[in-house]
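Just so you know, the protein sequences line up as chains U and H, in that order.
In terms of the numbering used here, the first sequence has 1182 at position 381, counting the first letter as 1, and numbering is strictly consecutive.
In terms of the numbering used here, the second sequence has 7 at position 2, counting the first letter as 1, and numbering is strictly consecutive.
A few of these clues could be false.
Partial list, derived from the structure: chain U residues whose beta carbon lies under 10 Å from chain H [unchecked claim]: (1) 815; (2) 852; (3) 854; (4) 856; (5) 882; (6) 886; (7) 904; (8) 1141; (9) 1183; (10) 1184.
I should point out that these hints are in silico values taken from the structure, not numbers from a laboratory.
None of these values were measured; they are calculated from a predicted model.
All residues carry an ideal CB built from backbone N, CA and C; glycine is no exception.
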Amino acid sequence: MNPTIQHGMHPDAEVLTAFAERLLSDTERNDVLAHMATCGRCREVVFLAQSSMEAEEPAPSVTTVPERKSSGGWLTGWRWSWIPVAALAGVVGFAVIRHVDRATDSETRMAQNLSPSEMVQSTPTTNTAATQPPGPRPSPPSRAESKEKPAAHERLDRDAELDRKSLDERDRFVAQKKDELAKETLSAAALKDSGGSVHGTLRARAKSSNVGGPMAQNQVQQQNNVQLQQNYANEDRQVSASPDSANKPVSSPIRSGAASETVTVEAADKAIPVSPAPSAAPAMTAMQTESADISGRNFEKRKAGNPVLPSKLAVSSEATSGKRIVAIDTAGSLFCSEDAGKHWAPVKAQWSGRAVLVKTGPSMGAVGGLLTQTIARFELTTDKQETWVSDDGKTWTLKAEAGK
Amino acid sequence: MAYLRDVDDLAPSEPVDEPLRLDFSAAAIALEPALLDQLWGESEAASWGLVRSDFDRIILMAALRQNFGLAPGVIASRDEQAAFFRGIRLAELVLASACAEGNERAWEQFMAVYGSQLTRAAIAISGNETVGRDLADAFYAELYGLNTREGKRKCPLESYRGRGSLIGWLRTTLSQRFVDHYRRTYREKALDDDTHDLAAPLSSPEPDGAIQVTLRNAIGDTLSSQPAEERFVLAAYYLDGRTLAEIGNLLDVHEATISRKLKRATEAVRKDLLKKLEKAGLSRRGAQEALGTDPRDLELGIDLKKLLQHSASDPFREQMSSEPATKDRNLTGALLPDTTGPRASEAGSER
Chain U
802 MNPTIQHGMH PDAEVLTAFA ERLLSDTERN DVLAHMATCG RCREVVFLAQ SSMEAEEPAP
862 SVTTVPERKS SGGWLTGWRW SWIPVAALAG VVGFAVIRHV DRATDSETRM AQNLSPSEMV
922 QSTPTTNTAA TQPPGPRPSP PSRAESKEKP AAHERLDRDA ELDRKSLDER DRFVAQKKDE
982 LAKETLSAAA LKDSGGSVHG TLRARAKSSN VGGPMAQNQV QQQNNVQLQQ NYANEDRQVS
1042 ASPDSANKPV SSPIRSGAAS ETVTVEAADK AIPVSPAPSA APAMTAMQTE SADISGRNFE
1102 KRKAGNPVLP SKLAVSSEAT SGKRIVAIDT AGSLFCSEDA GKHWAPVKAQ WSGRAVLVKT
1162 GPSMGAVGGL LTQTIARFEL TTDKQETWVS DDGKTWTLKA EAGK
Chain H
6 MAYLRDVDDL APSEPVDEPL RLDFSAAAIA LEPALLDQLW GESEAASWGL VRSDFDRIIL
66 MAALRQNFGL APGVIASRDE QAAFFRGIRL AELVLASACA EGNERAWEQF MAVYGSQLTR
126 AAIAISGNET VGRDLADAFY AELYGLNTRE GKRKCPLESY RGRGSLIGWL RTTLSQRFVD
186 HYRRTYREKA LDDDTHDLAA PLSSPEPDGA IQVTLRNAIG DTLSSQPAEE RFVLAAYYLD
246 GRTLAEIGNL LDVHEATISR KLKRATEAVR KDLLKKLEKA GLSRRGAQEA LGTDPRDLEL
306 GIDLKKLLQH SASDPFREQM SSEPATKDRN LTGALLPDTT GPRASEAGSE R
């Protein structure tokens, strides 16, 4: 033991300093500790000297506490914090941009859903009834929007139900006759779209506007959009996200690949008879036709499918049998073409009132004792609920009512 | 030319090529001139005006007092001599020794280097600028050798041996002066101060009863069986009210380590105490009840203090007014069955 630390003696300042500066050997250190365990004076001396040293030199401390390590200023302390901060800022910025885009899309969708009259203005009434309206086109759906698919389905189903009820009441007399046509349209659409019964029904109703009307067309468009969300997920959204670009004539391959347009083309190619709602005003229909022309989407194809009548009015109803086509313009005049719409000839009205609807109806005949059904007769319906039939589209006779 | 030289011979001499020899108390110390030249260059004493002859004498005296760090009577080899001088603060030792001899150049250097540091250290130790400056002035006077003993000038710097830093030695010495002064003044003002009334409980009679005596003896035996560092930590924490950070800084360990040490020490002391009390004839329940007794009721706080230390440290507790939360600690309270020692969260809160 160091003589200065023997019993009854205090270690001198030299030893205590060496202890505080960790210069003692283990043996000497234990001796000093054993002394200080029983000597309050030496403990006080050592702690006071230590505190004065820390007050003089606050920075160097052997027992570094983690929170005291920062001695390079605030910038050094935040050096590694910039990485998560930058990442967070990027995420926030991305979320803001997405939010703005979604708000724009939502506004467009709201305008389409809540303002059907506006949609009627922008919806063509010819056989392009199922085509997309030329107004602001909904942007290609994103991944985030695809998550809202169930909610969109619910909303579409609800709106379609309401639309269906109201239109069915108004067009009660046409609905039953159009069911068969709708089924045919549905089966045709099912070739392209395996989207389910709801899609098919709405699509058929949209094509037969007598049943579904413009609202059903809108529903079909929206459902097609929802269906296309996954296809558009990796596409460039700027083309259609901007309202300006949506209003321009579109020649983008993205747009030409839209399913809604594909359905329209199929309908035109197959010449499925599509009639507008009877209640549509001629002026409105003319405006819709102009809008459809302005949109320029598949203009050539639609031009071939749209017969140009001598009256220069749009076709409100049309029926085809072979190369023979019978069409009613929006003024109620009937025209007939025998060369698949290349040349038209007006048909003198042989009925009273105004022709509203023309279609091809079944013609019954007995062959060999069997009842056969052929589609060769045109049927014309007037606003007085009279049905006239014709085999060539030119000579019409009043159809005898059942039971009369 | 070899020559003998007395330690009191202050006659200046030029460095020589022959080994410098010094006969003192029948022990001859010889230093190689090459080693002296090397030490002279390393000390940089010439920069503040020390002459070579004074340097040689100071070196010889330091080597003579410590015998190169070897046992008395052992002759140090040249390598041991060199190792000794490289292991000490040579430049600071030369400066302190020159100051102790009254070298004016050395004092100028000393005041230039350590003057302001010493004043700040005194203020930090006393916790008061006025008291700190007075303490520093008094210490300067003492260092300068104004105090005499038996007609001889007495300078504390003579006791500096260069083992630690000179500023550390100065701080420690200053702390000693402050502690001694405080203890003297505390005792002097006890008669006409309010603390006089507080002294009454301290002089209360010893606890009587077999249980108290048994408990006191058991505590003494248990604490003495603990390692020195654990006992120091227990005393510093429970008696002096030091924080975990202060203890950790002094022992060069993290405060969390001190916390664990304290917890282990209190648990070990408690277990050992229970064993000793059971050996002394107490039942286990009686031993636990004895440990669970409020130490203030048993007045064992005083006994523990006496067991842990011989000199009371109560005056310093009052001095540490910046740590009021730690004043009420007592070791016996920490030994209660439900006590788990210092909490780790205290480490942060105490800062």
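Going through the earlier hints one by one, which of them does the structure break, listed in rising order?
5, 6, 7, 8, 9, 10
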